[in-house]
Amino acid sequence: MNSRILKNNHLKVRSIFLAIALGLLFFNFSFAQSESTVEQAEEAEAFNPGDMIMHHILDSHVWEFWEGATLHLPIIVYSKERGLEIFSSANLYDEHHNPVEYKGYTLEHEHIVRTDGVHVYDFSITKNVAALFLNSLVMLLVFIAVARGFKKNAGKAPKGIQSFFEPIIIYIRDEVIKPNIGHGYEKYVPYLLSLFFFIWFGNLFGLMPGAANLTGNIAVTATLAFFTFVITNVSGNANYWKHIFWTPGVPLPIRFIILPVELIGVITKPISLMIRLFVAISAGHIVILSLIAMAFIFQSYAVGIGSSIILVFINLIEILVATIQAYVFTIFTSVYIGLATEEAH
Amino acid sequence: MELLTPGIGLMFWQAVIFLLLVLLLGKFAWRPILDSLRIREESIEEALRAADEAREEMARLQADNEKLLAKAREEREAMLKDAAKMASQLKEEAKEDAKKITAKMMEDARAGIEAEKEAALKEVKDQVAELSVEIAEKLIRKALGDEKAQKALVEEFLADKNLN
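Read top to bottom, the protein sequences are chains B and G. The first sequence begins at 5 in our numbering and counts up by one. The second sequence begins at 9 in our numbering and counts up by one.
The set of hints was computed from the structure by calculation and includes no laboratory data. Note that the Cβ used here is the ideal one computed from N, Cα and C, for glycine as well.
Quick list of in silico lysine-lysine cross-link-like pairs, DSS-like style, CA-CA up to 25 Å:
hint : chain 1 : residue 1 : chain 2 : residue 2
1    : G       : LYS35     : B       : LYS156
2    : G       : LYS35     : B       : LYS182
3    : B       : LYS163    : G       : LYS35
4    : G       : LYS35     : B       : LYS155
5    : G       : LYS169    : G       : LYS150
6    : B       : LYS160    : G       : LYS35
7    : B       : LYS191    : B       : LYS155
8    : G       : LYS93     : G       : LYS107
9    : G       : LYS93     : G       : LYS108
10   : G       : LYS35     : B       : LYS191
11   : G       : LYS146    : G       : LYS159
12   : G       : LYS112    : G       : LYS99
13   : G       : LYS169    : G       : LYS156
So these bits of chain B aren't anywhere near chain G, every CB distance computed over 10 Å:
hint : residue
14   : GLU89
15   : ASP98
16   : VAL104
17   : LYS163
18   : SER276
19   : ILE301
Just chain B, with the same shape it has in the complex (with noise of 0.2 Å):
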């Protein structure tokens, strides 16, 4: 009874305050458009939000904490003449962070590129690259952590971390695995335990302040999906193949149309797990930098408070979908393989 009257209150409050700061907001937007369009002119030539958004979501060779807290990045680059390369990436900047050219290297919109034009190979230990380090350090950490627990606390009730933990784990398990893959699901287990993990805690890293858009980038969601693609097709039984190349039960000439259809869904499965979670990271990440961006633009505080308040709600929206894209990716990937894995009935 008083929690629900609590939580009404909540969302009464909570709902005001959206208000005022949708108003707040709309109220400066035609305050501000009317003062001083000149000088808005001015500052859109100084600070183009598009080309700050983009350059939060790219990789890049130096991890700008802040302004002026720059970490260079050492560079890796492979070409067939002269082998493999390693250098820091302050080499290719001046103090004024400008690109210059550094043993023939240049830096061209964060790619790094042969003056020559001879195509060169790059294996940087890029902004992601260090976040990927970094995110499986923490995950070995954490659950090299939560396995002693469990093994400290063998026949007893779980105690820190490892209750933290040990409900998602058993989630995952019992939840997301079994019902899917069904029969066999146990050798599956680590595997997709790692991925959801791996996910989760990659996109809440995305979400901090100064961190890499690691679960956002296209390469590191490509090759997730590649691996779900290559595990669902090797542990695929004969009735799955028997399912693609020759559909039971249907009429022959269907056959034909659905033999096609099937080896595009083969392609089409992971290739929509790779775009799903590229596209809901990123975007949240580009909602948040506009909202950041609208301070900047308008040149207000009454804006920038009214975004800051919207922003906050965004952020909890974007945990959740940190959550939630983690446990999409993790129960499509159970889904696929229990399809591959089904026996005949």
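Could you slot chain G onto chain B? The hints should help.
Below, chain G without anything else, positioned relative to chain B:
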């Protein structure tokens, strides 16, 4: 457009690091975690099963107890019935005995009384006879002083005897 083109370097690192992560987590985290979870679940299941069994055992014991109790009650009833029967039989027998004894005693008493009576009567008869003899002697002595009297007496006596 750059957003949509996966960089080969990041893909390479992602593949290498992620596979390494899966291997390491699988060995050092997931295996011990999943094993302990399985062991714990099994032990819980085992405990629940044992509890169920104990409950069943308990119910069975209770049923057994009830059966035993019922049997005991039955036996007690039978014993009581037997005892009552025995008691009444004993009473009956005792009564019968008492009756017999009484009857015998009465018989004895009657016989005793009869004997006493007979004895008494005999004594009385003897005494009467003695007295009679004495009286007769005296009478005879007195009356039979003379012949006539003797003769008369004999005759009377004889006459009396005949009458008896």
